[in-house]
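Sequences listed follow chains B and G, in order. First residue of the first sequence: 1, per my numbering; consecutive thereafter. First residue of the second sequence: 1, per my numbering; consecutive thereafter.
Simulated from the structure, these hints should not be mistaken for lab results. As the structure is a prediction and not an experimental result, all values here were calculated from the model. Please note that the accuracy of each hint is not assured.
[Unchecked claim] Below, a list of computed lysine to aspartate or glutamate pairs in the EDC-like style, where the Cα atoms sit at most 16 angstroms apart: (1) Lys69(G) - Glu634(B); (2) Lys1064(B) - Glu1093(B); (3) Lys273(B) - Glu635(B); (4) Lys69(G) - Glu635(B); (5) Lys368(B) - Asp256(B); (6) Lys273(B) - Asp422(B).
[Unchecked claim] A partial selection of chain G residues facing chain B, derived with a Cβ cut-off under 8 angstroms: (7) Leu62; (8) Glu94; (9) Arg113.
Glycine included, each C-beta is placed from N, C-alpha and C at the ideal position.
One letter stands for each residue in the lines below.
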Amino acid sequence: MEKDRIGNKSDNPVASAIVSVGSFDVAIIGAGVVGAMIARELSKYRLKVVLLDKESDVASETSSANSGIVHAGYDAEPGSGKARLNVEGTRLMPQVCRELDVPFRRIGSLVLAFDEADREKLGQLMEHGRLNGVPDLRIISGDEVRTMEPAVSKAVVSALHAPTAGIVCPYQLTVGAVENAVENGVRLMRSWPVRRIHRLPVSSGAAPGTGSATVSETGCISPRFQLMSDSESLTAHYVVNAAGLYADEVAALVGDRYFRIHPRKGEYLLLDKQLGKTVHTVVFQTPGPLGKGILVTPTADGNLLLGPNAMNVPDKSDTETSSEGLGKVAEGALRSVPTVDTRAVIRSFAGLRAAADGGDFIIEASKKVEGFIHAAGIESPGLSSAPAIGVEVAEILSRCGLSLEVNPNWNPCREPVLRFADFNPDERAHAIAGNPAFGHVVCRCETVTEAEIVDAIRRPAGAITLDGVKRRTRAGMGRCQGGFCTPRVVELLARELGISPDAVTKRGVGSNILAGPSKPEICPVNRPDASLPGHEIGRLPAEDAAADAKREGGNPAGHVADSMHAAAAPGEKRMPPRHASVVIIGGGPAGLAAAIEARKSGMVDVVILEREEEPGGILGQCIHTGFGVHLFGEELTGPEYAQRFIREAMAHGVKILCGTMVLDLDRDRRITAISSVYGYFTMQADAVILAMGCRERAAGALSIPGARPAGIMTAGSAQRFINLEGYLPGRKVVILGSGDIGLIMARRLTLEGAEVPMVCEVLPYSGGLTRNIVQCLEDFGIPLKLSHTVIALHGKERLTGVTVAQVDARRMPIPGTEFVVPCDTLLLSVGLIPENELSRQAGIPLDGVTGGPVVSMDMQTAVPGIFACGNVVHVHDLVDHVSEEGRLAGRCAVQWLQAGGVMQRADGTDAPETCLPVIPVMAGSGVRYVLPRTLRKTGIEPESRLLFRVAEPARHVVLEVRAGDTVLASIRKVRVAPGEMESVRIRKEWLDRVPEGMAVSVRVVPSELPSVQEPGTPDEKSSPKTLSDIRCLVLDMDGTFYLGDRLLETSVGFLETLRESGRKFLFFTNNSSKSPDDYLSKLSRMGVEIRSEEMMTSGDVAVSFLLRERPGKTVFLLGTESLKRQFGSAGIRLIDPASGWTPGFGNPVADIVMVGFDTSLAYDALSQACWHIRAGAEFLATHLDWNCPVEGGFIPDCGAMCALVEASTGRKPRFLGKPCMETMKAVLERTGACVEEVAFVGDRLYTDVATGVGNGASGILVLTGEAQEADIPGSDVKPTWVFPSLKELGEAMKGNGKR
Amino acid sequence: MEMICTVCPTGCGLTIEMNDGIPGKVTGNLCKRGLAYAMAECTNPVRTLTTTVRLCNGGRPLLPVRTTKPVPRAQLREMVDVLNGLSVSAPVAEGTILVSDILGSGADVVATRDVMGV
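Same shape as in the complex, but just chain G:
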């Protein structure tokens, strides 16, 4: 399996030997972080999700949100669907937990800005 490491701008081209779906030797990385990246990408790639939720009484229709830590890539769409059904009322502060442990990922969804009520 081949991939480009995205840990830093160097962008090493990584080659991972796969044995029955299990990652083995990694080559092409210039540093150790590339190894960890390759392992994660082969087993359970994770991403930080950022999106918006509906906002009421805030003078703006949307509130930007994020997950507090990276979540499984495979769950991103499902999480967006969950969050598209959510509605939050102002005032709300940056960091306020809006959904705890979203879809059992262990990550919370928090507001990424303050919005005062109007």
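This is chain B alone, in the form it adopts within the complex:
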């Protein structure tokens, strides 16, 4: 270490307290990509160079948050520095990236033109490109664009194609350049903010600018500058100002004030890798006055990136995102690529451009201060230009007198980075064999191993923070955004840096991840280096007897743990299994139960592959009670529950490979996995059971606007830190989301001494159990704020508070209700997502609602031989149900094998089960989803259940299982809630009653309604015996009362007869295209006068339903003008189709989409309806008729329009008109009659008659229209009475009507 002292201390009053750290030829201020490239360039010469950064890591500001585009170079004004350096930088980039082992992809770019004006601009850009020397530019037609990029908007008329553009990861490029510079002798000093720069007196021998001042080796010339941080100083002959956003402030330190840096913010949305191939080139829009417009591009790492917008901001540290800004980004992106699914956002972020006055780069020697070089104002295309800027600055230094003597030992290549995810199978096997830490996957989403993380920390200029690890290795950058790996990475950083876990930071001083130990004197457990060995627990079948003998005489307390640790000594290599009858992926409660059951059912070799070091899944950290009430009749803690199953699995000889991560699964049930013990291996399973469980929804998916400080984590990560590691995540913790995990953590944190000021829940009800609300919140006086959410995060390094606001029915914050809650931590308990990456790899179809595989009654997925159970299928709320589902899957997998599943598959035919007729299962009204999706009449197991969740909380309801109009089963419930899964045991008796070709549905019915029938009760029982009981008739119109425009002869006098008999009546039509008034006029034209309350359409049913059950909700209506008027005059809040509308953020989402018989249907309105439904609106429809009969044929009706919407959105509507219950409700509401008094009269069995008999009333068939007497025997719907026409009905009603 140099301990050079400054010549004259008296010049510097602060120096006495400050340590000098050396003397250098060149000091570069700022380790962004520009500083890094300058440092690397200077490392080619025999110079002493120091690279300084105020942050704890390189690439911390602009270089950490930008588009990552290597521009072709046509944007910049010809002749500008930007133009020259961009083209040159882009030329150099491929080689630089090769040398630095940084992924660079030359994918080309497109600038889209949407109209003539745009097209003109393309011509200008092309001309600029020609003048700037950009090769291979070409203007192509709209069709050519779409051939190249099929996802691009149809509105695009032309585009400029630049094949030399590319993408690179900006922080990996910076890290690579810095590492290479350091390897070549540059000194890197992080957390070294330059506070002052003193210009030192020039010694007599050194005439400035003559070059003599540069002979540093002789040490005889005094340096020009002294740079000081808070506690250290150094001297340098030359200073390069590459301080990015702060370049003007650094310049001002030496009195150079001729330019200013204006931070210009850009916000981005980063999307899941599943969407990474939406486009294959960088897709720009034609630049406008505000910049280059929103781009859509794949990233070097395979995600999809949208952004940026541009906004000048006063604060150089303001990287907060805003909902408006992100909305604009999404909107802009959708203009170019309308199919981008913005729900796949995994992270939103903002970066700042360091724009200078004048618009060009400022790369020059200071005119005022000798030896001071500026590399400032480096906004876009700064990343592209960086390699050229490095060369340029070296030349400027040389011109200023720095002698550039080539360093003969210069190595252009940095030590290659090993990326396990990119390895081929041989490389993987080899890597693990050489270093078992490659067999330990820390970040599951990005497949980052412990070896890579350790390497990233140990490298020159290695990572010292969580963000540092993330940027170098991608650990925590995947779809779960560190939800799973954060605790593990913290552990590794603590171990490698020799610090305690609570000293680990997100990005330097003040951004600690943890608040401190939860107990006094927690002694950290030093986990072994090079990963823990994977343990094998359980025995091979042959070992059973010996093991049993051992267990009987063994230690009852520790035999589980004992055999776990005895099985494999650290570092010991074992032969991996090549084949097993049943392989279960995941050793949590579902997997353990499945394995035990498979063994019990007679399978010999049952293997569990478990990625953790011990089985039991998440139960190990769930130390609270509440598990096992259903299965064991007692309240166990998570560890107790898990151990019961682990012991049973052991007793049954289940083989469990711990520390084993499955990387791939294919349709032929070939599994590829890694472990530190077995290395990289492939095994064949006869049957596979997926039991991977679920993961927590991460902060990124919420896109909460604001800063990104430390102190935000999922409730599950916090639970792990507290219950397993002994560290508190914070001292004052706000919890967002009132699911059970959030509630339990509120109690746990409070008991461990933290303060929980509140739990916020965006919904008007809690998703957690009442018991947890009482025992976890009320017991400790913690307020639960329903209909409240966090709308902003505050704090730079560590969270200092959150803004909470009340939300309206559409979950939008209500202005004026915001308040700030000071806190240092925000825990997220905002939902769980089934973890189905492997299922996707195997091509298993997933259910859009549950997120899990579509399964049959025997828990088999759509891929034969692959079964699934537990939270990977759908998120359960009770572990008991998970275990039961596991048992079912285990037994069914064995039955499938025993029925010859494998053999059948081998000769290419389907397994026997799949040939049997299946009964589809559907979610009816009030039900969010039902599993399984299909039933069979055979193979019903004791655990076979319909499991479902209601859509919203309700009291006093009946849960009905129906097949058409037949109620198969019904359960009365005092209370239902979406957070509590409902289940109905599947019984053969009622399955046998399901007619061929009919589906089973489950629905929620208010229990006051008389439609409830006991299972098996004949429909007739609830029907009245005689016509005299009927007090109210609901009359069909066309085919019953009139035909087309002609009144039926048989109808004359009928209404009078009814009136005379004292009965009420109502005309009802499903046709919602016309208003009730239209029908009144029509009847009037036929000479029939009725009162307006005697006319009802399905539009009225819809209005009545909305007013009664969806008060205040906003409705997007696909309907005729008359239907709109009808809704409007009832006071229903309609959202009108917007003109010039594009899908995306920022549009108000309707609560409900109502589809009517819209004879004015327009494409624009249709696509908006679909958008609202995708965005979460409830899907309702006035009636289900597919076609409407008209003279000469049929025209498509409401049901057909719904089918179109359903095809687009995958969501089914809830119908309201005949024959649905809502029609009955509306009739009862209108007439005041009770259900037994009502009869529906009409010419159709399936609509008119069915409405009556299907909903507890009567149905009268008249034979004047569609149905004939011969149709009745073959119909499932049996009319209560049949009459040739209304005439005979009227006769029959005479005389017996008055009571």
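Guided by the hints, dock chain G onto chain B, whose structure is given.
Only chain G this time, still in chain B's reference frame:
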């Protein structure tokens, strides 16, 4: 006094008439268990405590523990303080009594998992 019954997921809203701090008539319960719950909540609410204690030689820093039966709610914090001062050495078996009759509650504190020594 009003409360929500937590015995089962039905969550009945209970109303308890209080006379000088002594619970009287209970209404709103759909079953008898609600009555017992209301009485206990009004006189001496009890909860099962689960927490962790320090562990040595176990390859993990903490051991999960529980009380063998529900303990007075008012004592929960004090019990956590007592247990935070406790240190246990592996090996330890599930069910091992670590503290008998904690704070005179009549409940023992037991380990809820096995941990082998390392």
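Against the structure, the hints:
| no. | hint | verdict |
| --- | --- | --- |
| 1 | Lys69(G) - Glu634(B) | 12 angstroms, holds |
| 2 | Lys1064(B) - Glu1093(B) | 11 angstroms, holds |
| 3 | Lys273(B) - Glu635(B) | 42 angstroms, violated |
| 4 | Lys69(G) - Glu635(B) | 10 angstroms, holds |
| 5 | Lys368(B) - Asp256(B) | 7 angstroms, holds |
| 6 | Lys273(B) - Asp422(B) | 15 angstroms, holds |
| 7 | Leu62 | 5 angstroms, holds |
| 8 | Glu94 | 6 angstroms, holds |
| 9 | Arg113 | 4 angstroms, holds |
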